[in-house]
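If you count by our numbering, then the sequence shown holds residues 1 to 143, one letter each, in order.
I should point out that these hints are in silico values taken from the structure, not numbers from a laboratory.
The structure presented is a predicted model; accordingly, all values stated were derived computationally and were not measured.
Hints should not be assumed to be uniformly reliable.
Said to hold, decoys possible - 20 angstroms max Cα-Cα, derived PhoX-like pairs, lysine-lysine: (1) 76 / 109; (2) 108 / 76; (3) 111 / 76; (4) 86 / 106; (5) 86 / 108; (6) 115 / 76; (7) 86 / 115.
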Amino acid sequence: MVGPTGCVYGVEFAHRPGRDLTNMAKKRPNIVPIIEDARQPLRYRMLVPMVDVIFADVAQPDQARIVAVNAQNFLKNNGWYIISIKANCVDSTAAPEAVFASEIEKLKKDKLRPKEQLTLEPYHRDHAVVIGQYRPMKHKKAE
1 MVGPTGCVYG
11 VEFAHRPGRD
21 LTNMAKKRPN
31 IVPIIEDARQ
41 PLRYRMLVPM
51 VDVIFADVAQ
61 PDQARIVAVN
71 AQNFLKNNGW
81 YIISIKANCV
91 DSTAAPEAVF
101 ASEIEKLKKD
111 KLRPKEQLTL
121 EPYHRDHAVV
131 IGQYRPMKHK
141 KAE
């Protein structure tokens with residue numbers, strides 16, 4: 001839920017969904033449409049401040065990396081992320097549970113700590129949502 005002073009930065013690369021996002025933003029002043037590739041956050045870094053939450057529903061094989069690189073650029077320390085994992089989009093040859101486990105391990109390596117995993121069965125087959133917190137590595141003080 002976004003409060004009355006909150007803002008949503010929507011990143012979309014595909015033409016039709018990008019047009020839909022732009023049209024929605026015309027009706028909702030707290031939505032900032034960004035027509036860009038989420039794999040390249042440096043292309044839109046000047047538009048997005050540090051945020052409290054990242055929600056990702058990208059349906060790409062490298063979706064964990066996409067979330068990680070955006071978290072590194074925009075997610076506040078201890079900020080939350082929500083990622084929708086579509087097993088068939090990541091690896092159509094592996095069992096969905098194996099894909100989910102593999103994606104969670106990728107997230108952990110990038111300091112995205114999962115707190116909860118939910119399957120979307122029976123509404124969406126082979127889909128899961130992972131909710132977690134971002135904790136970047138602490139830098140050692142120079143001596």
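20 angstroms Cα cutoff - pair residue 86, residue 108: Distance of about 18 angstroms is within 20 angstroms: holds.
Distance restraint between residue 86 and residue 115, which requires alpha-carbon spacing of 20 angstroms or less: This hinted pair holds, its Cα atoms lying about 18 angstroms apart.
Hinted pair residue 108 and residue 76, Cα distance within 20 angstroms: 16 angstroms, holds
Pair hint outcome, residue 111 versus residue 76 [Cα-Cα no greater than 20 angstroms]: OK: residue 111 and residue 76 at ~12 angstroms, within 20 angstroms.
Agreement of residue 115 and residue 76 with the hint, judged by alpha carbon distance not exceeding 20 angstroms: Roughly 17 angstroms separates the two Cα atoms, so the pair holds.
Restraint check for residue 76 with residue 109, where alpha carbons must lie at most 20 angstroms apart: It holds: about 17 angstroms lies between the C-alpha atoms, which stays within 20 angstroms.
Given pair status - residue 106, residue 86, alpha carbons within 20 angstroms: Holds: residue 86 and residue 106 sit about 15 angstroms apart, inside 20 angstroms.
This entry satisfies every hint, going by the numbered hints stated previously.
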